[in-house]
Each structure stands twice: as structure tokens, then as C-alpha cells.
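Here's the letter readout for the chains.
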Amino acid sequence: MERKLIIAGIGGQGVVYATKVVSQAGLLRGERVLASENHGMSQRGGSVMSCVKIGGSDAPLIRRGTADAVVAFDRLEAIRNLPFVRAGGNVCVNTPDGLDPAVNGRLAEMGVGVHLINANALANELGASSAANLIVLGFAAAHGALGLTLDDLKESVKALGPTKAVEMNLKALDVGAAKAMANGRFA
Amino acid sequence: MPQLLLGNDAIALGMIQSGCQVVTAYPGTPSSEILAGVIKFKKKLGADVYTEWSASEKVALEVALAASWSGLRAATTMKQVGLNVAADPLFSAAYTGVVAGLVIVPCDDPGPHSSQTEQDSRLMALTAKVPVFDPSTPEEAMAMVEAAFDLSERHRIPVILRPTTRVCHAVQSVDIDDPAQKYKANGKAGFKKDPQRWAATPVFRLKLHHELNAKLQAIEAEFEKSPLNTIFNSPISNSLNGELEIGRIGIIASGVAFATAQESLAELGVSAPLLKIGTPYPLPRKLVSDFVSQFDRVLVLEEPDACIELQIPDRTRVSGRLDGVVPIAGELTPEVIMSVVAEALERAGVSVPPPPDDATLASIVQSLKITPRRPRLCPGCSHRSAFYTVKHTFGPNAIYPGDIGCYTLGTNLRVVDTCVDMGASVTMAAGFYHAGRLIGDKRPIISTIGDSTFIHSGIVPLINAVHTNARFVLLILDNHTTAMTGAQPTPANDFAADGGAATRVPIPDIVKACGVKFVRVADPYDQEPFESLLKEAHAFTQSPDGGVAVIIADRPCVLYDDTPVKSNPMPVVVTEQCDGCRYCVEAFECPALVLRPDKSRVDIDYRTCVECGQCIDACYKGFIVPKELAVSDQPLAVSN
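Going down the list, the sequences are from chains E and C. Just so it is clear: in the first sequence, position 165 is 165 by my numbering, and no numbers are missing. Counting from 1 along the second sequence, just add 1000 to a position and that's the residue number in my numbering.
Hints were generated in silico from the structure; no laboratory data involved. Treat each hint with caution, since some may be false.
A few chain C residues facing chain E, derived, Cβ under 8 Å [as the list claims (entries may be wrong)]: (1) 1171; (2) 1260; (3) 1333; (4) 1607.
For glycine and all other residues, C-beta sits at the position ideal for the given N, C-alpha and C.
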């Protein structure tokens, strides 16, 4: 089954690492993976977005209206990338607030699942402010948005290393997943 | 076992596996990771490969060319505009030919995402008369490296491999069966003299040109039968309408556009004949003409310009970039290709389902007017301090020629007025001076250039400016690295690409040797003395015996060497009095200075702040103060 995922954020929020985690998870499942990364000017605090295709075609980009999920580490980057999500897809966003009243109605009509998590606050509680990206990934996986299980992501994090970061990253994935469960969803 | 490989790593691995022994490069997005990959794989596999970050692309190509003439397989990488810099040796080497395989990898940037042009290196190949390969994926790029070396060596001709951003920076699961070197050097190594070829005079050059043309003819014949140029899909069938008349429409595509076109057709449920071209020059014209003649209409999809389309002998049935059916500029995104393909199919009488793109959602998002966050200099960047002081010293009236690098972002701070190409800050400054002298324009001219760019293309312009008595201030922003592209060493570093020892060529010595009489080195973090120095430099340019004044703003890039910042931290707070006037946010533009969403005041984002203390002067009202001076009972500003 092909999965098309958009991962978005601001330079420095760990979009590239999150893309690696998701890609490696697909690889470990023995599936074809193609991901496109942003480099260059975009790494200087600008908007960053990557496309990941698991079990899919050789075309690197994802067309608007066809992404299974938009995973974003920033509210505005989430909204900017909303047109990529397909009807019935999912949007998982790191934000203490709502998405935007203007888009909620249309997303509901399209049957898009909107899942919000204040990952920055949870990351601070965890004592690892830079782990918000993995909290969101764990949250998205537990919501079934990625077509990858929490265990898939954990195996990926272990495979990617480095050893000293693995433990914190696994914890972060669990924190995100637990939040999803608390919301009444089960992976 | 499949592994995830970045496109640029795949190219690097292809080089090592092909027995390439010399790889040279000048960094530039999207090409920069190739040489880093070569170094990684050469260490991993214990391969004896000479690698260098060259001073420029021209240098890189010539060093690689000499290796090829010495019988060693060699490669050189650069971004597409780098091939302009290397055009001189490229055109000449096409005539002289090579001994061992020579593969040149200019990486194109349709979009453009991080370049000053969208130029097509395949058209450079066509003009220089060298064959070019056009990969669609990282996996194919890796395979094409080997094919390119083989072709280059058999026909004794330099070969270009032309990936685009979406190949270079794609990560793909690739089967790496045996990561060892597959090719071993042929044992005929060593430069052999042949002056009529290697030092050919114009008489012999004509002979070489005929020889080159004969090579291209043979290569084109080979490409006619190459599996890199293959027709996919059967004659047209349409799952919605059943079988359709054969011969209505065919598609020719190359590079990433091929993969995207294939995906679009699959999504539309249409199986249209698709000719994939892996070798756009020399174009296998018979294969292409035979394909075109079978259809009423043929669509050509390629990036970034028209190279295949241009070479099709009879274009009466052909549509593409040239007739505007395909947009004549910009990246061929999946949206563009889907719309072009769907339209062409409709015109050919094939009905297709509407794309699922939700226009309602897209228009709502558009109405929210969320502008993309523009890139900014990093917190603690010494360029910001230099720019801020320059602006404070010379104001909006001065002319500010800029250059290519992180510091092009000085446009945000309004101290970069021009950006042409590598080294143009120096030549344009001289040009503005000479033009201004004729028309009585006496505005100060302050140009900025980075250390790597200065060595790449600023030295000759500086000699020219001194020699022609130009008067301006040149600020060399020396952060000890090539920062924008990932911290590659420059000749002013004492280490080489692979970490080995290298001889440092100090920039102040270069500047003095160029004949500059005013040369100072200063730390831009010391803003007040730096301002005095700028004034002194400007005064020199105005003095009777004055000329070009050079200040070297010396401080390492904070991303790659934060020891100076860490050893002397200056944490700051924004006091309660902050009134949200936005001056610091706009004039200093540090990402760690954050205006509250309600615009009431500015906070320090302590997650990104590096405690450089450089923003203290960015609040002229004095509301940004060192933490140690802040009143103890005063609530510290904390970012949300």
C-alpha cells in the first residue's frame, strides 16, 4: 500500500531527522522509499517541507490533494501545506492552539482527521526541547496517520542512532503516542 | 540489502565503484554532498582517491582533466552556474578529448530553489559538444555514473552527468549489492606527451573538431540502441473509455519529469506511450523521429529548459517548453505535469477524471495569506553584526554591492543592493565607482564578499580595481568556511577536504599582494571599534592618495565553531519597558528576537539564542540589556 506523507516545519525543528525516521521505518519494513529533502537557503530558519513516499512511485514530489498525512511541527507551516492532504487523510500538528477557524469547516467536509498536540510543552516536560518532532511523529503514528506503527518508528530510531540519543527519542515517541491514546485513539 | 541513499551519495558511491581516483569540486547547492559522500565512501572502502575542494569550478575541472590525461578516472562536481565558471576548460577538453574516463557533474536547480538562474546544463553540453546523461532517480544516477565513465573512456570524450535538485536531494532505498570498487585502473597510467593534441594550435584544433564531430556521430548511433532510451507502455488504452484509437498521443520525458509523468499517467488510469530519454545529447534522433511520426501529437516533458525538444528535427507535431504548452519556466512539479498531461489527453479525445486537488481548501489557505518564512542569518552570525554596523555607519544612501553566500541575506537588512554572480561585489563596486565619477555621483560604495567567494572570484577583480584607481570599501566577511553549503574548507584553512593537512593561504596576505594599501583585520562583534574602522576605511577611499580599502571581518561561523561565543557568553534580557516598536526585529533581524503575536513586546527565544549579546545595540532605547545588569526582581522575558 502506498503512503504519501508531508513533513513540514521551520529550519531547526528537525524536519530532516523526522523524514529520516519515517523513511528508515519504511525501509525496515522492506518497502520502497523515496523522500525529498530541502537543503540550502531553506536551512536558515526558513520554511522546510519534505515529501516521503513509502511503497510508491519514483516521482519525488507529492501532488496537492494526494497526501495521506500532513505532519507539521509548526501551526503556520501546517496551514500552508494543507492543500496537500487528500480527502479522508490526516493532519497532525504541533500547536498549543487550534489550526485556524477558517479551514476547520472544509477539512471536516473532506473527512480529514485533525490531530493537535502541544508537543513543545510535552518536550519541555521531558527535558528535551528538541524532541518535539518525535513527539509529533509518535502522536501521528498512534493516530494511524502514517501507515506505520509506533514500533516501526522505534525500530527506525534504534537503527539510526546515535546510541546516546536513542533513549530520549524513544521516550519522545512514547509521549506522543500516549497523548493520542489519551485522546481516545488506539494504534 | 537495500539502504537509504541520498541522490548525491548515490552519485558518490557510483564514482567509487567505477574506480574513479580523483574527485574535485567547488561547493554549491544542490551538488555539495557529492564530494562529502566520496570522502565517506573512500574511507569506508579503503579506496585510494584524491579529493579536493578546489578554489573554483574551473580549477576543479582542470585538476580532474590532468588526472584523466594521466590515465586515472576522474570526476568533478559543481552546481549548474559553476559550469559557467568551468566553461572554458569544458569547451577545450571536448576538442582535446580525454584518456581515462572524465565525468563532470553539474547539478541543475529547476525552480530555482537556491540559484541565480534556472539554466540547463544539458544545453551547455550541447553547446560544448559533450554527451550528457539525465537521471530520473538516485538509483539511476548511480548506474549512470558507471555508464558515463565507460562511454567517456571508450570514446575519449568528457561526459556530463546532469542530475537536478530532486535527484540530488531525494533519498531512495537502493539495492547495494557489493559496495566494493568494481573497476580497477587499466595500468596504463602516466601522462604521455602528445603536443598535437594536448597543446594543439588552431591548425590542429580544426582537426580535433572534426574528430569530435565523428565521436558524437558514433555516440548518437550507440544511444539509438541504448537501454537508457526506452519506450514504456503499450499504445494508448484508456481504462475509463476502453480502447482508444492508436496513435493519438505520445509523451517524451527525461529526468524527474519522466518519473512524475509516469505517476500522473498511472493516477489517471491511462497507458500512453512514454519514451524515456536518458541521454538528451546527442539525441538519438532516429529513435525520437520514429516515435514522433507514430502520433498526432507528442508532448515533451523536460527540465529546466528545452534540450530534447530543440533537437527534434521536425517539430510540427511536437509540443513542449518551446511552444508554451509546457510552462516555459519553473519546475515541472506534479501539479504542472498532471495539468499538462491531462489537458493533452483531453485534446486527444481521452477523457480523464478530474484531479483530486481540493480547490476550496486551497483557496481558503491562500486567503489566509501565510507568506513563507524567509531565510535569515543564524542567531550569533557575525555577518549580522557587520551588516548592522555598516548600515549604522553609512545609512540607506550608500551603494552596497553584494555577493553569493549566506551574506546575500544582507538584502533583508538592506545592505546588499546587488547580487550578480561569484565575485561581482568587487567588480560591480569598481564599475559603480567609475560610472559615478563620470556623472558626479559621490555616494560611498561598500561591497561585501565572503572568504570562500573572495578566493573563488574576488582576487582578480580586486587587482583590476586597484590597478584602475577605483575607490570603495571592500568588506571581506571571513567566517573561516564555506558556510552556506555546509562548511567546506577554503584555501584559507589549514586542512583539506578529507581532513588531511593543507597549506593555509592567509587572506590578508592575498589582499596586500593585490596592491591594496589599506588592509585591516577586525572582529565585527566589537561593533563600536568596527564602526570607527569603517569610517577610517571610507576616509581612505576619499583621500588624495586613497584607493580601495579592505576590511577583513574576522570571526568564525557560529554554526561550525562556536568556541569564541561559548567562551565569552553575554546572555541578555528584554526589559519590562519594551514597547514592541519592532525596531530590533526589523533592523537586526535575529531569529532569537521574537515579537509577541499581540505585538506588545519582544521576547528572547532562549532555545535558539546563542548568548552572543550582539543585539544589545539593536535596541536604541536600551531595553535589551545584559542579564547580569538586569534588576534582580524584574521578571525575565521568557518565550512561549
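Right, here's what the structure says about each hint:
1. 1171: Since the shortest Cβ distance to chain E is 4 Å, the answer is holds.
2. 1260: Holds - the Cβ of residue 1260 of chain C comes within 8 Å of chain E, reaching about 4 Å at its closest.
3. 1333: holds, 6 Å
4. 1607: Holds - the Cβ of residue 1607 of chain C comes within 8 Å of chain E, reaching about 6 Å at its closest.
Checked against the numbered hints above, the structure violates none of them.
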